[in-house]
Amino acid sequence: MTAPKTLYDKIWDAHVAQEAEDGTCLLYIDRHLVHEVTSPQAFEGLRLAGRSVRAPGKTIAVPDHNVPTTEDRVKGIDNEESRIQVDALDKNAKDFGIHYYPVSDVRQGIVHIVGPEQGWTLPGMTVVCGDSHTATHGAFGSLAHGIGTSEVEHVLATQTLIQRKGKNMKVEITGKLMPGVTAKDITLAVIGKTGTAGGTGYVIEYCGEAIRALSMEGRMTVCNMAIEGGARAGLIAPDETTFAYVMGRPHAPKGAAWEAALAYWKTLYTDEGAHFDKVVTLRGEDIQPVVTWGTSPEDVLPINATVPSPDDFTGGKVEAVKRALDYMGLTPGQKLTDVKIDTVFIGSCTNGRIEDLRAAAAVLKGKKIADGVRAMVVPGSGLVRAQAEEEGLAQIFIDAGFEWRMAGCSMCLAMNPDQLAPGERCASTSNRNFEGRQGYKGRTHLLSPGMAAAAAVTGHLTDVRDFA
Amino acid sequence: MDKFTTLTGIAAPMPLVNIDTDMIIPKLFLKTIKRSGLGKNLFDEMRFDRDGNENPDFVLNQPAYRNAEIIVAGDNFGCGSSREHAPWALLDFGIRCVISTSFADIFFNNCFKNGILPVVLPAEAVNYLMDDATNGANARITVDLESQVVTASDGKTFPFEVDAFKKHCLMNGLDDIGLSLEKVSAIDAYEERAKLQYPWV
Ligand code: SF4
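The listed protein sequences derive, respectively, from chains A and B. Using my numbering, you'd call the opening residue of the first sequence number 983 and step up by one each time. Using my numbering, you'd call the opening residue of the second sequence number 22 and step up by one each time.
These are calculated hints, taken from the structure and not from any lab test. Errors might be hidden in some of the hints.
Unchecked claim - When the alpha-carbon atoms are kept at most 30 Å apart in a straight line, the in silico BS3-like pairs for lysine-lysine are as follows:
hint, chain 1, residue 1, chain 2, residue 2
1, B, LYS204, A, LYS1057
2, A, LYS992, B, LYS204
3, A, LYS1158, A, LYS1347
4, A, LYS1076, B, LYS52
5, A, LYS1147, B, LYS204
6, B, LYS55, A, LYS1423
7, A, LYS987, A, LYS1175
8, A, LYS1076, A, LYS1149
9, A, LYS1350, A, LYS1423
What the hints assert, rightly or not - Here are a few chain A residues that sit away from chain B, every Cβ distance over 10 Å (derived from the structure):
hint, residue
10, ASP1012
11, LYS1248
12, GLY1315
13, ASP1324
14, LYS1349
15, GLU1371
16, GLN1377
17, ASP1381
18, GLY1405
Unchecked claim - Simulated restraints, written as ranges between beta carbons of each label pair:
hint, chain 1, residue 1, chain 2, residue 2, range
19, B, SER206, A, ASP1060, 47 to 53 Å
20, B, VAL170, A, GLY1005, 21 to 27 Å
21, B, THR26, A, THR1288, 31 to 37 Å
22, A, GLU1001, B, VAL170, 25 to 31 Å
23, B, GLY199, A, GLU1001, 15 to 21 Å
24, B, PHE79, A, THR1288, 27 to 33 Å
25, A, ARG1089, B, ASN159, 56 to 62 Å
26, B, LYS55, A, GLY1348, 50 to 56 Å
Bear in mind that the values here come from a model prediction, so they are computed numbers and not experimental data. By construction, the Cβ of each residue, glycine as well, lies at the ideal position given by its N, Cα and C atoms.
I would like the entire structure built from these sequences, with the hints used as guidance.
Quick look at the structure:
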């Protein structure tokens, strides 16, 4: 009998093409997602060395980070550097024969939303992308993680990565979530507990009743931020929810292939008694709607808490908190619900899917955003946008005073024109509140879509449960 | 890739924890399609004001540290975005080694691909070297990859661990892709197997 294995062990073992004596492995990669910012140097490297893409059929490219989100964008990108990057991707995709979703394609969107939507991401696969939020795809029970540009080039040339196996970590969320608490609150609460380095060196498997109860959209939100907890990858074992989501997607298997795949996918779970190097457990009932107050995703507190003081911390964190409070313009003891906001951003690969838009629209229905607030929705893909229009969500946003944008990364990282001005404070459904992330000297509070919508209406950080 | 064997140089102290890759190279500078030339924008938002004037308080702007080749940093250096522009910017500025108690995984890997050595040491050792680094140009720290030892300016030594394969590649300036392509028969064999086992992939 073989020893019990974790889900991570199983996927890893199924992809080792070669293992050296010291444990360094050549890991085979099933899906390689490519975007315009981290790939030009990799393609240039291939050209210089006279190499080709080994498996173009397993490689998908989509421009997302730089693209404007205004409707006139099909006429061209004004910013010259952004245009050069997007043009380079157009050309590279064509020259090397890889699947491509250009800006003009309704299926274009954030790479981590497009992959699952098109059925490229399937359970049991290895998925990589030159982007740290590749962890998103772990929601399908696929081993998915971000890589650097040199590794992008390595995967393009060899369809493998040189890797050593990480350690196993289990994050269990028991019981049920309370009303108003979402996948975003789970993932932020976990980071608040473990810290941004708590998962370093580990692959996290999220499990427990509260995780099982999540939709695929929610699971993607949870796994998306595994990287903010330091883990390269987050995983959730596939189940009926997963299979129902995948079935019928354009690149999902069909017919007999579907049956064969399904039989295999059903073996993808952690065996009874398998070893985890680290275990973290949270009670679903204890998780509150949360918001970040600082400049690290670990700076997270329940919405009804007050801004902490540097004295509440120890070690290097004391200085970091002083700096964060100064940057964020907050005072210890201030109630978080008293913090006024200027801008609301709903979107990103964390919360730019249809369920997220539904949650925000449910809060906004029949309401208007507060005077002076700028609010925008940037759907994660053209298809999410189309569906939201069909469901009438777009109209709710527009009636409330939101801008209704085209798909892309947008203000999640503000590489396109959607940026915060210095000092501007934003309630954002994205994943990083780093200094300058959403614009030079911009201030970011991370929260769920419902909480972002509530903040838009009141003009300050707000407990979404007060809207229920 | 340049080889890394041993390095003796000025170390800049950066005691901040969680220095992320957005700080190391802000997104504004990711719009390049080249690897070179990023050093002038290393730590841009900390190093310069909006008009491009130097912030005199920032360590790399102080005369003693302008030629630093080593950074001694707080915990969890390089967290956040996977952008390899971060090590490209460090390298272009002249930094060949970062010493911390911990690094984010992706950044850590990216360093090795670019001839930069990330050294992990226990907190006491990092604190010691951080103090040493505050002595500016008078304190040269030596990092010897071959023998896996960091030596402070007073001669105190700190041994460190490093993955044998990564060390080998760094010491010889080897290109990973070339090495992996030598194993193409293993990759072919894997693909043959996978075609039978997982035909839908
Ligand atoms: S939405 Fe944000 S986090 Fe996601 S891929 Fe785009 S920039 Fe990265």
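| task | Could you tell me which of the numbered hints above are not met by this structure, giving the numbers in increasing order? | result | Of the numbered hints, 1, 8, 10, 21 do not hold.
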